[in-house]
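Number of protein chains: 4
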Amino acid sequence: MASIKKIGVFTSGGDAPGMNACVRAVVRTGIYLGKQVVGIHQGYQGMIDKKFINMDARSVRNIIQLGGTVLKTARCAEFRTPEGREKAYKNLVEEGIDALVPIGGDGTFTGAEFLSREFGIPVICVPGTIDNDLYGSDFTLGYDTATNTVIEAIDKIRDTAASHDRLFFVEVMGRDSGCIALHAGVAGGAEAILLPEKETAIDDLIVKLEEGALSKKSSCIVIIAEGDKNGGAYNVAKRVKEKFDFYDIKVTILGHLQRGGTPSSFDRVLGSRMGYAAVKALIAGETRKMVGLKGNMIQLTDLEEAIHNHSFKLEEDLLEMATILSI
Amino acid sequence: MASIKKIGVFTSGGDAPGMNACVRAVVRTGIYLGKQVVGIHQGYQGMIDKKFINMDARSVRNIIQLGGTVLKTARCAEFRTPEGREKAYKNLVEEGIDALVPIGGDGTFTGAEFLSREFGIPVICVPGTIDNDLYGSDFTLGYDTATNTVIEAIDKIRDTAASHDRLFFVEVMGRDSGCIALHAGVAGGAEAILLPEKETAIDDLIVKLEEGALSKKSSCIVIIAEGDKNGGAYNVAKRVKEKFDFYDIKVTILGHLQRGGTPSSFDRVLGSRMGYAAVKALIAGETRKMVGLKGNMIQLTDLEEAIHNHSFKLEEDLLEMATILSI
Amino acid sequence: MASIKKIGVFTSGGDAPGMNACVRAVVRTGIYLGKQVVGIHQGYQGMIDKKFINMDARSVRNIIQLGGTVLKTARCAEFRTPEGREKAYKNLVEEGIDALVPIGGDGTFTGAEFLSREFGIPVICVPGTIDNDLYGSDFTLGYDTATNTVIEAIDKIRDTAASHDRLFFVEVMGRDSGCIALHAGVAGGAEAILLPEKETAIDDLIVKLEEGALSKKSSCIVIIAEGDKNGGAYNVAKRVKEKFDFYDIKVTILGHLQRGGTPSSFDRVLGSRMGYAAVKALIAGETRKMVGLKGNMIQLTDLEEAIHNHSFKLEEDLLEMATILSI
Amino acid sequence: MASIKKIGVFTSGGDAPGMNACVRAVVRTGIYLGKQVVGIHQGYQGMIDKKFINMDARSVRNIIQLGGTVLKTARCAEFRTPEGREKAYKNLVEEGIDALVPIGGDGTFTGAEFLSREFGIPVICVPGTIDNDLYGSDFTLGYDTATNTVIEAIDKIRDTAASHDRLFFVEVMGRDSGCIALHAGVAGGAEAILLPEKETAIDDLIVKLEEGALSKKSSCIVIIAEGDKNGGAYNVAKRVKEKFDFYDIKVTILGHLQRGGTPSSFDRVLGSRMGYAAVKALIAGETRKMVGLKGNMIQLTDLEEAIHNHSFKLEEDLLEMATILSI
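Chains as they are written, first to last, in the UniProt record's numbering: chain W, 1 to 327; chain B, 1 to 327; chain P, 1 to 327; chain R, 1 to 327.
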């Protein structure tokens with residue numbers, strides 16, 4: 001394989017805190033190791049629209065602490081067609097980009113896998129998504145920050161819940177993964193946690209809430225992942241209300257504020273390590289891999305496995321612990 | 001009038017950050033000036049249920065930084081009846097409480113006004129509500145903290161909005177008052193602000209958003225007070241979407257997290273000053289007044305005027321400025 | 001006077017949170033009203049070095065939430081000489097700048113006053129300094145944010161102080177003004193507050209601390225403005241230690257982190273209002289004035305009075321209150 | 001071994017955020033599993049002074065989000081003597097406490113190891129210290145929060161550094177361990193990081209700073225662990241100043257505010273898991289172990305090894321990466 005000369009870096013899919021730390025790491029590591037680096041704005045759409053920007057070390061100054069992504073992100077229907085991808089690849093070649101660091105979730109990876117398979121361009125992906133739902137990394141970029149954002153909100157809600165003897169249903173992000181809900185539920189001292197991976201009968205929830213009421217809890221907070229099978233916080237609240245009126249009941253949907261915010265120390269270090277490792281892996285001749293954190297070490301996973309393996313299971317022991325700790 | 005011996009302090013209505021700073025000030029000022037102080041839990045309900053707790057200086061230690069109210073709050077239907085109030089007053093007499101510092105909004109004040117008029121007990125009220133909608137004080141307790149909570153959320157939403165070229169509709173508290181919406185809208189750099197006090201035609205809003213799109217704004221945030229006449233953020237979003245699809249559109253309802261959180265420096269100083277002034281006013285023989293901040297001075301306003309005067313108007317100049325600053 | 005065509009805006013002296021909100025307001029208000037606006041980098045030094053940047057509405061996008069100043073600031077010895085000022089003015093004329101909005105403290109104002117007096121260029125100044133020590137405005141830009149930064153630090157210190165039964169001496173900014181120390185001391189529930197404006201005998205401080213120990217306080221925090229006559233936190237700690245050893249004693253100097261940070265809602269609104277008002281005043285033909293907030297209204301004060309009048313006095317009543325509330 | 005009936009839990013040594021989450025977990029897990037739980041105030045001193053408090057599930061309500069430790073902590077000279085330990089043990093027996101969960105650092109563990117060896121009482125220790133310097137756990141309790149506190153301070157300092165073209169030396173905690181300095185340095189984008197584990201020649205530091213100046217860095221931040229061999233931030237600043245004056249130089253000592261603050265999500269989950277696991281281990285008959293997090297699993301390590309093994313080494317690769325990422 002010919003030596004890499006110019007690395008393209010981009011963010012795609014939902015933005016996640018820490019992406020900027022990762023972009024900064026890709027740019028500076030690449031430059032330090034004698035490569036050129038190009039920022040591609042708006043992901044795959046930007047490849048098609050030729051939104052290429054040459055980066056130098058100063059291009060990424062003072063961005064490590066910023067939420068969102070300075071390279072922006074976008075959905076791109078055209079890229080899902082063979083013609084779209086061909087156009088994108090032609091533009092990359094024209095620009096001289098001969099390797100890619102895509103940062104995003106499984107949709108991003110799927111695009112990168114296509115590009116690499118169809119045209120042979122080396123890709124090393126970075127898992128950037130708040131959902132923490134990718135095989136091959138203990139943590140995805142943005143997850144720690146999002147969880148902290150959720151518990152700051154829960155702390156605020158607890159203040160008012162405890163002042164009023166109220167029951168709050170708080171809906172957090174996670175269509176397929178209950179990771180944010182579970183960890184934020186433990187950290188927020190939630191009385192119950194409802195997850196996509198595990199069905200919760202409303203009657204069982206009510207029993208749990210009644211026990212709390214009997215043991216003189218002055219307030220209750222129930223965390224509900226958006227993907228919970230009962231249909232979200234409003235539906236759960238409605239059904240609980242029909243049978244249980246010990247507390248005044250309120251609902252909060254945290255929504256998109258979970259995506260933003262200045263990244264935590266953990267996510268900045270993680271983004272830096274992943275971006276650094278991705279460039280090193282590309283230069284070492286690797287391709288079609290995802291960088292990930294396992295234990296305290298950076299490891300590579302086959303991209304296809306990262307995309308298709310959904311074998312990581314819910315931390316059932318944490319869920320059991322959460323039940324015990326909220327007595 | 002006989003000298004006051006024992007002051008009752010309570011919080012009622014919606015909780016607001018800074019209430020604890022105020023309770024602390026009432027307790028310690030009262031004790032310092034040789035009075036006894038009793039905390040009444042859960043407001044008027046607590047009077048009826050005899051939830052009286054003797055306070056000493058250490059009872060309020062380490063609470064100045066806490067959100068919510070350590071005295072708790074509750075709605076109380078019984079107190080709205082003459083019999084309920086008589087029971088409450090009987091309990092106050094039995095407990096030896098001969099003066100009151102109620103902390104809350106106009107509902108709280110109305111209850112206090114009744115008690116005072118019907119039974120002659122001296123009351124000095126403190127305006128504690130995040131809405132900043134009371135005559136007689138430039139600021140109510142909790143408003144500054146709530147506004148900061150809103151802009152922290154807007155900052156996070158802006159991160160993700162700018163990464164995706166999105167248009168967000170963010171609904172904030174304020175049924176009758178657009179104060180939070182207006183100030184958070186200015187501070188958050190919102191592209192438009194919809195308020196209860198001023199009807200906004202959806203078509204005018206769309207014109208404004210189109211201008212933003214033309215001037216290459218990468219994202220837009222519209223702040224909507226819950227009392228806006230168009231029917232809240234979901235309705236506005238739906239109606240805008242029908243005619244304007246330049247941006248991807250999202251909705252966030254901030255909800256009750258606006259009530260909680262550790263109070264800002266401003267609210268802690270304000271709560272301290274108001275609690276301190278309320279006790280001094282009671283001891284000086286005042287009654288049926290609300291303490292308020294006008295300019296940088298604490299002033300007393302007749303309670304009836306604080307309850308019934310709604311003459312403060314929207315800061316139209318700020319709204320005009322907001323339009324100019326978001327070009 | 002000829003109509004203004006091109007407004008120069010700059011920040012000078014110590015940076016303060018909210019300066020960016022003010023720069024944004026000056027730029028957009030100027031443009032909205034048909035003027036050109038030039039950002040001058042690094043204040044007076046930038047005038048001499050011709051660091052002029054034409055601003056459009058998008059130049060100030062997404063800066064309202066940033067700490068520091070995007071226009072940067074610098075000290076400039078050369079500008080203190082008549083030759084330096086002449087050079088600066090010549091450059092302004094060459095650039096076509098015919099009016100100025102300087103943002104800073106009394107040093108900044110003095111420079112502006114000279115320029116205006118010597119060369120007749122209209123200036124409207126904005127008080128941007130965390131010290132809140134300028135006549136003509138109830139609040140200076142950055143003061144509210146700095147005070148919140150201090151109380152967040154005090155809250156953290158209180159956690160560890162209360163866990164260990166410790167006495168902390170915390171030094172905060174304020175060479176001549178005890179405003180931050182006083183308000184943060186009240187808001188942080190400090191046991192004592194030492195200020196430049198009022199000498200505190202160490203023996204009196206020890207008496208106060210002994211009373212706290214007797215009344216079973218588990219920790220004590222003493223706030224000391226850097227300009228206190230006893231010589232700063234280390235000196236006070238040393239002298240207290242010689243006579244009072246009930247608690248383990250620690251010292252914290254908060255230092256420059258008090259200057260930075262994302263501005264509070266209050267400072268963003270204040271910066272916006274002041275920048276907006278400054279441009280409107282210039283266009284209305286005003287000069288040699290400072291915009292300020294009095295009560296809830298923007299008012300103009302003669303620049304010379306803002307510079308030379310030091311008649312605002314310490315809020316003695318707040319200091320007395322602080323003593324009572326910390327029993 | 002007889003079945004455990006009453007578990008004593010205490011915190012000792014320096015306080016750390018997350019200790020309260022751990023205490024809550026110990027109490028509720030113990031109660032849920034049919035044991036009694038006693039909180040021992042002020043660690044070993046409290047054992048000697050009989051500061052025992054019976055805990056029920058409600059005793060630990062609403063503490064998961066609090067910094068510091070509700071059980072308080074203290075140093076205890078008497079416990080270092082055999083007589084002191086005998087007295088402590090006698091009091092434990094009298095109180096019926098037949099197992100212990102000590103939370104703290106290596107000093108705490110040493111005390112527990114003595115107690116257990118001399119008197120046979122089962123102990124399972126939890127690593128609670130912000131320094132992250134214990135063998136047997138990837139993370140100690142409080143480290144994540146402390147690192148976040150440091151980067152929040154660095155972000156603020158960066159605002160003002162970048163506005164003024166300044167060079168800041170920021171001293172962070174870590175007498176023997178550079179863990180906080182290294183991670184906060186990476187996360188804060190520091191230009192250089194000085195650690196106890198690795199000597200840095202001042203001349204090499206100056207070369208690095210000169211390179212930064214040449215590459216047009218507008219500001220520099222150097223993080224220095226308090227245990228760095230050059231003698232702390234003031235000394236380093238002084239020596240750099242003698243040879244390098246491109247930037248204005250300032251020093252900040254973050255000090256004890258690094259200990260406090262509401263714990264991060266990570267530390268709350270970690271504290272919960274560790275407390276839960278400690279009780280389960282005690283009940284399972286384990287003793288003289290430390291619970292720790294390895295990868296994503298809770299594991300037990302022999303207490304003596306946790307105390308005496310200092311074989312974990314500096315993450316040299318992270319330090320190298322930090323150098324590259326700050327070009």
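Just so you know, the hints here were simulated from the structure itself, not pulled from any lab data. Only a predicted model underlies this, so the values are computations on that prediction, with no experimental measurement involved. Please note that a few of the clues may not be correct.
Each pair may be met inside one copy or between any two copies, as identical chains are not told apart.
Unchecked claim - Below 27 Å or equal to it, Euclidean Cα-Cα: the simulated DSSO-like pairs (lysine-lysine) are: (1) Lys-229 x Lys-294; (2) Lys-238 x Lys-250; (3) Lys-35 x Lys-216; (4) Lys-6 x Lys-51; (5) Lys-294 x Lys-313; (6) Lys-51 x Lys-229; (7) Lys-250 x Lys-229; (8) Lys-51 x Lys-5; (9) Lys-6 x Lys-216; (10) Lys-216 x Lys-50.
- Item | Which numbered hints fail | Hints 1 and 6 contradicted; others consistent.
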